[in-house]
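Chemist: Residue-level listing of the chains:
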Amino acid sequence: MIPASFTYHRASSVDEALSMAAQLGEDAKFLAGGHSLLPMMKLRFAVPTDLIDVGRITELSYIRDEGTYLAIGALTRHHEVTTSPLLATQVPLLAHAAGQVGDPQIRHRGTIGGSVAHADAASDLPAVLLALDATFVIQGADGARSVPVGEFFKSIFETALQPGELLTEIQVPKPAVPSAWSFQKFTKRAIDWAIVGVAVQLSPGGATPRTPRGTPDGEESVSGVLSPGGATPRTPRGTPDGEESVSGVQGAHVALINMGLTPLRASATEAALASGAPVADAAALAAEGTSPGSDLHASAAFRAHLARVLVRRALQEAGGR
Amino acid sequence: MSKVSVAVNGKEITADVEDRTLLVHFLRDVADLTATNIGCETTSCGACTVLLDGESVKSCTVLALQADGRQVTTLEGLAGPDGSMSPVQRAFHRNHGLQCGYCTPGFVMAITSLLAENPQPTEAEVRAGLEGNICRCTGYHNIVKAALAAASEAAQ
Amino acid sequence: MSILGTRVIRTEDPKLLTSGGVYVDDLREPELEGAARVTFVRSTVAHARITGIDTSEALAQPGVIAVLTVADMTDFPPPPPAEPVDPDAPPVEGPMPLGGQWSEPLLAVDEVRFVGEPIAMVLTDTRQAGEDAAELVSIDYEPLPPVVGITEALAGQATVFSGTDTNVCQARSGNFDDSVFDGCDIVVEGDISNQRVACLPMEGRAVAASWSGDKLTVWVSTQNAQLGRLILTAIGLPPEAIRVVAPDVGGGFGAKIGVDREAILVAWAAKHTGRAVRWVESRGENLTAMTQGRGQRHHIKIGGTRDGHIQAYQLDVVQDTGAYARMSGFLPSLTVLMAPGVYDIPAVQAGYKVVVTNATPVAAYRGAGRPEAAATIERAVDWFAAEAGLDPAEVRKVNFIRKAQFPFITKTGAPYDTGDYESALDKVLQAAGYQELRAEQARRREAGDVRQLGIGLASYVEITAADAGAGETAKVEVHDDGTATVYTGSSAHGQGHHTAYAMLVTDELGIPMDKIEVIHGDTDLIPDGVGTYASRSLQLGGSAVHKAAIEVKQEAAQKAAELFEAASSDVVLDTESGLWHIAGDPDKSLTWGQVAAAAAGGLIVANVRFTADRPTFPFGSQLSLVEVDTETGKVTLLRHVTADDAGPVLNPVLFEGQRHGGIAQGAAQALCEEVLYDPDGNPLTSSLADYAAITAAELPSFELVTSETATNVNPLGVKGIGEAGTIGATPAVHNAVIDALAHLGVRHIDMPTTPEHVWAAIQAASGK
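Protein chains in written order, with the numbering used here: chain A, 60 to 380; chain B, 7 to 162; chain C, 427 to 1194.
Don't take each hint at face value.
What the hints assert, rightly or not - Below, in silico cross-link-like pairs of lysine-lysine (DSS-like), each with a Cα-Cα straight-line distance of 27 Å or less: (1) C:Lys823 <-> C:Lys837; (2) A:Lys213 <-> A:Lys233; (3) C:Lys823 <-> C:Lys727; (4) B:Lys17 <-> C:Lys441; (5) A:Lys88 <-> B:Lys17; (6) C:Lys837 <-> C:Lys941.
Unchecked claim - Stretches of chain C that chain B covers, calculated by requiring three or more beta carbons in the stretch to come under 8 Å of a beta carbon on chain B: (7) 434-447; (8) 830-836.
Hints listed in this document are in silico derivations from the structure and should not be mistaken for laboratory results.
We treat Cβ as the ideally placed atom computed from N, Cα and C, and that holds for glycine.
Using the sequences and the hints, build the whole thing.
Modeler: Encoded structure:
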């Protein structure tokens, strides 16, 4: 319940935070919202000697339209992300997913940067940012560097952040068709971490307009409205399962939560879609290249099955908006 | 050890505390306000919910030092200056929204914050909004009823 | 007009809602000033010999007052020698520890038998220092083979107790004789699991103790202060030297009956060190070392005719009691007693075995043995109906004990008082719109919808106030200022007794509710009482209050008559105004205060112990509507409709609250909650991040229907409602999930009906 002792430091700027980190060494940790780090410290799974509280660096909390991308300060809280009018129109996938993280109390404190830097394999936002092709801006003693999402998540609880570095900004390219998204988070209870999750963005950043295509059997894409956070599809009207395709898929990005040690792209599914396969066939490949674990919540086989089902539903929903 | 100063229910509470002191322990043991309860150590149950600068937070997962210079409202601070209960407190009383009372301060604060952000929620929104609070006695039925009643009262 | 039966909001609430309840950890009693904090050091292995305990590093820490182990307990009177428990003697079935070679120590002696078992106690000046120091206590373990789960316990290749060659510590034969199934057209046989769940009161265990040199005061989160005091005499003090106080208690559900080994240890530590001490457990400790519920495995056989008449039922229970048999065979003895439920079954055979395992001890949890009986007979009836191709509602009706048959003694010896099972079921079917639901279910099956509907029924009966003969106490006093005080042996922990008992007094005496104080849970003020469990409080405690109020009224009538200089038969009490006057002469009156002032000591008092000669049997029906996503296995509870009948309803507000809470806990067992261990006996669900406690987001609002069938066992005509909701809800929800998949050939899925369990059942039924 009570963390091991540590010394608290408060940084009022990024420079101050970095210099404190350099002085205190590797057993010092940055504290943002505290809702990834403090739970681990309360169970004494993490025992840092020093905490550098960066939570008051208000300059790191923002959501800005930078033309081709949205710039989100690392200290922006989940509540701000999910209620942002800018994100609601420009990147609704992210706005929606941030509203699924934890519960309202957690969302008032937890930050997008903190969650991403913590890199729990069952986290919602890393997979979303993977689907959106985000870039992470990291500040270190030697200055700033940018890391694309594909190189950021190394393993569970391990990212490209080196000791003493601070994540300061997340850059999210604007999807060409912001509304072509879906987020499927499968849980036993609403509050649970995802057993498996899927984040889909069709026509992601690249601003290529959607080109409708004929499909092999002439079927139209399916409309289906999902309730947020659930996985409750409407059966497609008049189309036996497996016959639909998603029209006009330009580089569909399909990212998976908790199908490996990091968020993963369902690349076999994406490749199948790119070569014109119907949704059902492409979704059947969703678990390829993944390594889901078995734990008290689900077996690896069940996770693989869920991935296939949820990817199919996500593609149908995203294509139908 | 560090000096912490938190405005709790409008009153400044200043003390030297261990850096690792959680806000919930600061409230209970230093400010001597024991309505806020502890129900777990994994940020799961919500019994410790208070308002930090008006927003619901789980005070077991906030360091007292993170609340330094901030405003905290606990159950004890909800009633009006004349002692009259807030709409949410009243609604809990009228609708039997509590039994043993242990989770109640957390629920009352969570609902107070929820209604501030969403004054006319649907039942589904109330239930989803309370996913982070656990009650074992009531089955939630009357808690949800109380939240909707408080919203309804405010609408009039 | 009587206040009884009207909606009265609680007198307990204003304090709870404004300044909060005062639970053990909130106490600021002067005797606890500067109290030491206790942190337990607990076993991290499921089964091992302790070969060494090194407390030196912990003791060297600043702020550490003491580190106590069994070696320090020299001032503790030795327990009586452990006589072997005679395996041939009839089983002791009271809720008492089995003892003998199965005895449980206080601090572990040389062996630990479950993860979480207490080994040492660290006393520190501050709360913070406690965890720091406890981490430094070093225990050397020599691992022993763990016994994990019922199968391993029965196989007996390893034993929990080294002095025994079996893990079966108690048994009662079911005298199974399969000839009772001769002539049955349909026979269903199967295994049904009733999984371990955590009781999970939101306030865990907490104890504070202070020793004054000749008196020990113990504040404890308990359901029974008086029983707690009796148990605490084990530390070598007579009852008069111990005061037990139950402050506000944050839920109990049966897991806080009396006091347990940690409470005894904390109390002893106060006496041993001469220092006030306090202890509050963490949730992790609560989920591993507070007793847990259920943990039974059933083998059933049910047989009957093609037209739905059940002829025979066999129930074979194995009770996992965990490492220590704290309640002997009590729980399965109730399961066996209630085996046939609401049905008039010609042949019923039921028996049990109790096994020890290297896991948390199991004891009472909301229903305590009866939910298991109902969950299984209701599952069996549905299973039988599915095999017979009959509507489960019709099969139930055909087999119900009829209203005219009461009082009815079941084949297992349960003396049912009153019941109207058909009516309760009909009410629920009507309120739910049963035919429309079946039609919608059929439509979705026809259409091959991904999301299928399941309709689950449960008709249940349960036994409350099983210890009716122990009764309950009440003292009612009216003071010379016109106020009244009720001292009750009951011990509320959320049930609203203060409101209910004040209603009884105001109804009888006309003293306004806001002038009535109800006190419970302090052995100095109430030395004699039983407490709250087994849904006994209103029927026994309330009847005691009612009777005491009547005695007060009779005595007051005498006194008023003296004051009026009239005959006592001419004196009346106007319960609307609370005034005494001569019949036909309302202008001349006396207040309660005036009457009491004239009595000896300025007080009118009556002291009652009310006992009943039998338990009572509340009953009901519940209907659950679920939606199952057949691609993912996810279950959504859409509606839950109940008729729970516990006789006339004293206060519908309180009555509904008990039903709601019970339904949620019952549904939780069917849907998501389960205590799990790995193959080495390590708990997997020892935090609320992993134990799937149900939340508001998983539940609908419930639809409650009224049904009131009085009993003649007590003057109030009431039975107990506290556990009934739970007992009915589990099988209703469970049956609903299976019903959703019946058309796919699924006949049974073990609880909890998690997505993976459901999906696996669908796969198995389709031959995948």
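Chemist: Decide, hint by hint, whether the structure agrees.
Modeler: Each hint, compared with the structure:
This hinted pair checks out: C:Lys823 and C:Lys837 have alpha carbons roughly 19 Å apart, not beyond 27 Å. The straight-line distance between the Cα atoms of A:Lys213 and A:Lys233 is roughly 25 Å, inside the 27 Å bound, and the hint therefore holds. A distance of roughly 20 Å separates the Cα atoms of C:Lys823 and C:Lys727; the hinted pair therefore holds under the 27 Å criterion. Distance check on the hinted pair: B:Lys17 and C:Lys441 sit about 21 Å apart at the alpha-carbon level, within 27 Å; holds.
Distance hint between A:Lys88 and B:Lys17 is unfulfilled; the C-alpha atoms sit about 32 Å from each other, more than 27 Å. Restraint check for C:Lys837 and C:Lys941: not satisfied, since their Cα atoms lie roughly 49 Å apart, outside the 27 Å limit. Interface restraint, the region 434-447 of chain C with chain B: holds (11 residues with C-beta to C-beta distance below 8 Å; minimum three). Under a criterion of three residues with beta carbons nearer than 8 Å to beta carbons of chain B, the stated coverage of the region 830-836 of chain C fails, only 0 such residues being counted.
When the structure is compared with the earlier hints, violations turn up for hints 5, 6 and 8 and for no others.
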